[in-house]
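Novice: Fit chain B to the given chain A structure using the hints.
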Amino acid sequence: MINSANLFLLLAIYHVIQETRLVTSLRLIMFDLPSPVMRGDSVELSCIYELENDRLYSVKWYKNNVEFYRFVPRDWPPGQFLPHKGIRVDLSRSGKNSVYLKDVDLNSTGIYRCEVSAEAPTFNTAEMEKEMKVFVLPSEGPKITGTKRQVKLGDSINPNCTSSKSKPASTLRWFINGNEVGIEHQSSHSTTLHEDGLESSHLGLKMIVKDEHFKNGLMKIKCTATISRIYIMSNEATIRAEGLSHQSSRLHLSENLNQAVQPSATTSCFLLTNSLTLISIILINLLLNQLKT
Amino acid sequence: MSIDDFYDKNLFVAYTGQNFTIPCDISGEHGDDTIILILWYRNDSVRPIYTVDARKTSLKEASHSSEVADRMVFNINYPISKLLIKTVEKEDEAEYKCRIDYRIGRTVYRTMRLTVLGKIKLTENSFGWKKKIKVGKKKQIFFLG
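So the protein sequences, as listed, match chains A and B.
Using numbering that gives the first Met the number 0, you'd call the opening residue of the first sequence number 0 and step up by one each time.
Using numbering that gives the first Met the number 0, you'd call the opening residue of the second sequence number 0 and step up by one each time.
One chain only, chain A, in its complex shape (with noise of 0.2 Å):
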């Protein structure tokens, strides 16, 4: 049964549902990239939005606030290439909701946008952004160089360390016996910048040798490289202490002056490099599955 009252109610809510309607306009749902993303990698950049009662002018994407590329249905072709330092967009594969950028290189790092604008009268327009980061990994572990073989306590040691060039430059550590190096025994740390835009780190380390810095006679320094959470790798020397009043130490010295102290620490070393390598190229797998997800 349907009496006036009731009709009118109705009446009062279809109203009420149009007036909703109409003051409802374009608005941006989501903006995605992959960040960060590492040089020669193919991205896809993703803008989602709902134009309720708008109809769609455009969506230009820009980075660092320059216009790259748009799509203007209107327009022929609806989707334009702008040429800009750093950006190629595989034109087959974006379009309204998506740009595609193939084989970025460290100057795709930036501030992407999207912004997207309604068709006439109303030419709303929502936009949003994010950072996008390119990364270079290390193409080797970090090398440890000024070493001694052997030392006395009481000795100071100065080895340094030093990363393979990456993007960003890696942080460095100094372990030693697997204890890390408190930062007043760090020294000379910095960066350098290569031509090609990648840089590598450098770390000093500075002590005294103690009696607490051996283990059987044997002093492990180890310096690793990480970058965030993505990336970690190292390298390993041992010292072997002179004159310890320890009995393995004067064997250990024995055994010294028979062969060369450098081959048996750069093995040791490679065997944890490359076990480290393999738990950095899971990490690096985890991430970009993840990142694709």
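Possibly wrong hints are sitting among the right ones.
[Stated by the list, open to error] Here are the computed lysine-lysine pairs in the DSBU-like style, where the Cα-Cα straight-line distance is at most 30 Å:
1. K96(B) x K132(A)
2. K55(B) x K95(A)
3. K84(A) x K95(A)
4. K96(B) x K84(A)
5. K129(A) x K96(B)
6. K95(A) x K96(B)
[Said to hold, decoys possible] Pulled from the structure, derived: some chain B residues nowhere near chain A, Cβ distances all over 10 Å:
7. A13
8. N18
9. G30
10. R70
11. I84
12. K85
13. K89
[To be verified] Pair by pair, the computed Cβ-Cβ distance ranges are:
14. V67(B) x D31(A): 31 to 39 Å
15. R112(B) x T190(A): 35 to 43 Å
16. K142(A) x R112(B): 26 to 34 Å
17. E28(B) x T190(A): 30 to 38 Å
Hints are computed from structural coordinates only; laboratory data are not their basis.
Cβ coordinates follow ideal geometry from the N, Cα and C atoms, glycine included.
Specialist: Frame of chain A; chain B shown alone:
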């Protein structure tokens, strides 16, 4: 706000009750390109406050539309166009964004920050002229040249 900010080219100061024009450089990256659309946005508004749609006509013949047309007039001149705000109010204090779409070249954005101060009162003293500006309850005094 420090006095140095007044020298920033994108910062403007208007006094309430004045008419004020905000400039917008409409020249794009290519000199021979055609402007197809000019939109003015205020703060982070979704809807532009002023629109010039020249996609089907020339820029001269293009229709202007604005929800605040009684208070704002946009005069198009090359390369500097001007948005005139009539009888500035405190509420006009905002960031104004002028967007220019071109047929070929990249879209250009110009951002201008407008600060609105109270009415000017001029009084003379032994040092010369001084300007008294009412900003809310505070009084700021600027000495003229």
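Novice: Determine for every hint whether it applies to the structure shown.
Specialist: Consistency of the hints with the structure:
1. K96(B) x K132(A): holds (28 Å)
2. K55(B) x K95(A): holds (23 Å)
3. K84(A) x K95(A): Given pair K84(A), K95(A) holds - Cα atoms ~23 Å apart, limit 30 Å.
4. K96(B) x K84(A): Distance of about 26 Å is within 30 Å: holds.
5. K129(A) x K96(B): holds (20 Å)
6. K95(A) x K96(B): Judged against 30 Å, a Cα distance of about 25 Å means the pair holds.
7. A13: holds (25 Å)
8. N18: Non-interface label stands for N18(B): nearest chain A Cβ at 26 Å, farther than 10 Å.
9. G30: G30(B) is indeed farther than 10 Å from all Cβ atoms of chain A, at 17 Å.
10. R70: With a cut-off of 10 Å, R70(B) remains clear of chain A, as the shortest Cβ separation is near 19 Å.
11. I84: The assertion about I84(B) holds, with a minimum of 20 Å to chain A.
12. K85: Label holds. Min Cβ-Cβ 23 Å, cutoff 10 Å.
13. K89: The assertion about K89(B) holds, with a minimum of 26 Å to chain A.
14. V67(B) x D31(A): 31 to 39 Å: Holds: the Cβ-Cβ distance is about 36 Å, inside 31 to 39 Å.
15. R112(B) x T190(A): 35 to 43 Å: At roughly 37 Å between Cβ atoms, T190(A) and R112(B) fall inside 35 to 43 Å, so the hint holds.
16. K142(A) x R112(B): 26 to 34 Å: violated (52 Å)
17. E28(B) x T190(A): 30 to 38 Å: holds (36 Å)
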